[in-house]
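With these hints in hand, go ahead and build the complete structure from the sequences.
Next come the chains, spelled out residue by residue.
2 protein chains.
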Amino acid sequence: MKLKKVITPLLATACSSVLFTGCGTQTCPDNGPEVTDAKIYRYGITNKDSLSAASKRALAWPEYGNEWFIHFEEQELKGDLAYEEGVVRRDPSAVIQHNGKYYVWYSKSIGPTDGFDADIETAKVFPWDRCDIWYATSEDGWTWKEEGPAVLRGEPGSYDDRSVFTVEIMEWDSMYYLCYQTVKSPYVERVKNQVGLAWSNSPDGPWTKSEEPILSPSNDGEWIEGKVSRFAVKNKGSFDSHKVHDPCIIPFKGKFYLYYKGERMGEEMYFGGREIRHGVAIADNPKGPYIKSPFNPISNSGHEVCIWKYNGGIASLITTDGPEKNTIQWSPDGINFEIMSYIPTPPHAIGVNRTVDSEKDPTEVLRWGLTHEYVTSDYQCIRRFSSWRKERHGNFADFAK
Amino acid sequence: MKLKKVITPLLATACSSVLFTGCGTQTCPDNGPEVTDAKIYRYGITNKDSLSAASKRALAWPEYGNEWFIHFEEQELKGDLAYEEGVVRRDPSAVIQHNGKYYVWYSKSIGPTDGFDADIETAKVFPWDRCDIWYATSEDGWTWKEEGPAVLRGEPGSYDDRSVFTVEIMEWDSMYYLCYQTVKSPYVERVKNQVGLAWSNSPDGPWTKSEEPILSPSNDGEWIEGKVSRFAVKNKGSFDSHKVHDPCIIPFKGKFYLYYKGERMGEEMYFGGREIRHGVAIADNPKGPYIKSPFNPISNSGHEVCIWKYNGGIASLITTDGPEKNTIQWSPDGINFEIMSYIPTPPHAIGVNRTVDSEKDPTEVLRWGLTHEYVTSDYQCIRRFSSWRKERHGNFADFAK
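So the sequences go chain by chain: A and B. End of the first sequence = 401 in my numbering, gap-free, step of one. End of the second sequence = 401 in my numbering, gap-free, step of one.
Keep in mind the hints are simulated off the structure, nothing from the lab. The model shown is predicted, which means the values in this text are computed figures rather than measured ones. Among the clues, some could well be false.
Derived pair list, reagent style SDA-like, types lysine to any residue, alpha-carbon separation capped at 25 Å [said to hold, decoys possible]:
1. B:Lys184 <-> B:Trp207
2. A:Lys234 <-> B:Ile40
3. B:Lys192 <-> A:Lys234
Here's what the structure looks like:
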């Protein structure tokens, strides 16, 4: 007789944080979620005395909760941000508004990617190598005018001499802050990037750079010596032992929350994707110092950081990697994020729209925004996306009464 | 002071079926999931005394559990199944093998879709209207030869006189069974389809049709009279009050499990998609009678049925609609399905590969198979897909010891 493998479902053991401290709380009453005739009808259940596992899960859902479920579409931009062969424009920041114009910042570089097999001193190892941060403006969000560089790479020997890229923008107290990834030469596979900061009293600059980076990878992993591979480790260290990517600062609860994507030395690939997690570092002032939260990582999945404020808390779009890929999450405190929706694969590297009233709808900042497209593996361009909800409600309530 | 909306997370209240009967079971011990140093390290957690909600959910995941997480890609077919303008070939059955050739069945029709505004007696209201069931063979799974019709529409006045479509194939005891959707004229928006069955001792036919359908929608909804809309109801009825689609019969535990997609009168749209659920009807013999399970519906999300046997149970791919879209699920009993993975948006209308040893891997039947593509809204063609796992494991275990 064939020995059966034990199958452990992913969700059956997934106690949420609310349950973690013990059962019998009001989200998991000892006799299970409340079953009403209205709910039986709502979920099309044919026999309330014979509930399938799927029906039981449905009965535990909140009241409809359609608000966070959205679909995306992408569109081409016009003007200077339309695709240009030979040029990389990628990883757009959030969109802000100033003097009647939309502003966006992004990574810009030229030329093809060589990879790591070439001479690293002269090669371009990634599309985001050899970048400066540029910006563009638009009157309608569709046709953009490239204005010029905002932040350039530093002098040889500085922490940002090789590339400055993957930028975000924060407006605070009449000042503008750009935070971005920095790499110091040489850009080898094992290089540990950092996060830079620059500020100005105008979105058009000029920008003053922080003398020191404001965030660095943790220093607690251990490479196997004599190798170049980022996978060859004696000890992986923390979730952010290798990289601190996609920085995004949000003013929150009187402080400044710097969310970032951590990459790990000896990064494994499981649950269908890379082990990628988000962290947050918190400061009293925009210029820092930023202290990593002891609660890190604050996601268990995800890729590029996409964060916005809503209803007194912070919302987060989790994409690409991990079991919680393609979910929108929300936290009351910027630390403890719960899943609010499961959505079809969304665009990557989103720059949200911060010109709208983000309280109008849970995903108002995603009604339109910017993303990028890999037109080729060498060249990417900024694109626009839109999102919407599909809804149709009927008169079921009349029957349920 | 602005009144805060109460936010109810989707997952925090989502007790799984195992928890439903009360807490304190071994999947939700009173002191929470076991936290070991190995797990803290595995999930990159920086401080085991300060666990974020996301980290707590990660700690409750099963050991890696990478097996069910897959990615898909699609490819074009050659020969007679390549796209042909003016022709609809869609909703491929599973692929089986006979005398060294692969076989597939599918819906075939010709001409553009008119929709419901035209004269329904003469129009084609959907791409799947006016269909017959055809079949094709292939030596390599890439180049296909269209062999001819397998099951034609019935004589005027019969229950399948308008269209026969969305077919599946079952081999059992040296016999071949096709089950498929049937529509009786006129194909109005409110028409209730049925499921037909045909059998042969050869996959090349000839096929004998069942005199009566083997499955029908439930008869427990109530239309608002005098309207044509499928949304105008006094009472929605069961999850399958309007349609029984995508039939697929699986021999299981000495019986025959007919899985199907239910569509509901007065169908609402929430959780980001249509309210679509799967049901199962069980018979002692392939020809029926099929009795709907009292545990229906056995999914709370999903669209086309995609089902296979694995490890003594039944696996199911859930796509497109509902909070559990884009998951692979498994049940030990064909009734109680739990979520095994969350995957990026998979192909639609999959015909799995039943020529392989489905026990070799949880998703072996999805290594390659068939799907369809909307080349235009009028014309679809059969395509091929492949799937694989992304994996990279390191030496973390050494450190954790």
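The hints, checked one at a time:
1. B:Lys184 <-> B:Trp207: 20 Å, holds
2. A:Lys234 <-> B:Ile40: Distance ~17 Å between lysine 234 (chain A) and isoleucine 40 (chain B) Cα, so the pair holds.
3. B:Lys192 <-> A:Lys234: 64 Å, violated
This entry does not satisfy hint 3, going by the numbered hints stated previously; all others are met.
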